[in-house]
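Chains as they are written, first to last, in the numbering used here: chain A, 1 to 230; chain B, 1 to 252.
Among the hints, erroneous ones may be present.
[Said to hold, decoys possible] Label-pair ranges, simulated between beta-carbon atoms: (1) B:Ala222 / A:Ala30: 29 to 39 Å; (2) B:Leu247 / A:Leu213: 48 to 58 Å; (3) A:Gly168 / B:Asp198: 46 to 56 Å.
Quick caveat, the hints were computed from the structure, so don't treat them as lab data. Glycine included, every Cβ here is placed at the ideal spot set by N, Cα and C.
Each chain, letter by letter, is given below.
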Amino acid sequence: MHIAEGFLPPVHAAAWTVAAAPFVVHGVRAVVRQVREDPDSKLLLGAAGAFTFVLSALKIPSVTGSSSHPTGTGLGTVLFRPPVMAVLGTIVLLFQALLLAHGGLTTLGANAFSMAVAGPWIAYGAYRATRRFGLAISVFLAGALANLATYGVTTLQLALAFPDPTGGIAGAVAKFGSIFAITQIPLAVVEGLLTVLVVRLLAHNSPKELLRLGVLRRSETTATAEEARS
Amino acid sequence: MTRRDAPLETLAHTGPWRERHPADKAVLALGLLVCAVALPPWPGAAVVGTVALVLLAGPAGVGPGRAVRLLRAPAAFIVVGALPLLVAVGGPTVLRWDPAGLARAGELVGRSLAATLCLLLFAATTPLADVLPRLSRLGVPPAVTEVAALIYRLLFLLLDTARTVREAQAGRLGFATRGAALRSAAGQAGAVFVRAFDRARRLDEGLALRGYGGDLAVDVDAPAPSRRFIASSVLLLAVVVTTTLLLRLVIA
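The task is simple: from the sequences and hints, build the whole structure.
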């Protein structure tokens, strides 16, 4: 769920850009450092970014019977960590704006804050907090919460920009929230399930990559591979 | 790259402004975008929207029918997003019709549609491959622009992979039930992940054999910015601002 071009008043668009900037700059520094230490990692980051874009273009079943798209940031966060996702997510949003007219340039900061900053950090917090309970639970929460957090922050951004005449900001949160909640909450659950399925598949097919990315521990590789096979 | 994946990029690569410097198009389209957002929505959105639509349909070579078709999907999002402004919450009834909301929603839809037309004008005339290397001049570190360029290179290949896998799954009843559809989507993501990292590894090996030292800078075909085009654009922007402000005075 992206905010469309020109949808936010200029002051709000600028304020959200300022809010997202420190996180994106922090991510850019992490990327520059990583690339300086290991020039080959540039290619892997390119692969990770392209993967994130394609993930967001996949069709997943939606509650209304039609299909919708995952945000892909939960899986991206589990695989590549939030600072890198802040950069990759912002690049993906820029690409979506310029290739698909989905989102926009004036709303890039606001969309980056919700999808590339808030979603990944909340997902990562949940993932780390629940990692000891098993890979499936933590990955499910990361996928579902990244989606829900993105939707929640977008709702807040819209409510702050267009408060309700009687209900104020809280009333506007209820209005903007309810219009998308019917599809978005089940979609978050579906994205959580999808993320678990993808990670199980990757643990089976590409355990080396997952070990390198720190998602799997060496003790888990055999067990997860067998679980995926059964 | 296929027309289905990125119709805007296809238009940008084949349109009459393909050879123009991105700065020319940025001054015109992004200047109009700033006008769309900064000017009072009524009559600013109508003036900017009309100018952007005429430019898209005419000189930019998109054509009126295609311009409207390109606008359709973003317009649906904009209209649905503006619906909550038509109602107010609280008071004796939980939800009630807000008569003042219609004007606010109208202004919001107008401003957003005009801004989207300006975005379309830029996106349908400027290939992303022309924009990315020049982001370094705006202060973006080269490491980030190079990662973005790599994403661009891998993107269409991976979209193709996802589509091929989807078609194969559809032929095997992979979308017959919701559960199957979800498993199929996961299968596509898994295939894309493996393909992405395989391509990155192969690219790495190919570059290493050519003496790759960590610098992916490429020569950019660079026609100089046209002073005439930029001057005309600035003049047009001045006309847009003046017309909007004059019309506003007349309406008031």
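Consistency of the hints with the structure:
{"no.": "1", "hint": "B:Ala222 / A:Ala30: 29 to 39 Å", "result": "31 Å, holds"}
{"no.": "2", "hint": "B:Leu247 / A:Leu213: 48 to 58 Å", "result": "57 Å, holds"}
{"no.": "3", "hint": "A:Gly168 / B:Asp198: 46 to 56 Å", "result": "53 Å, holds"}
In this structure, every one of the numbered hints holds.
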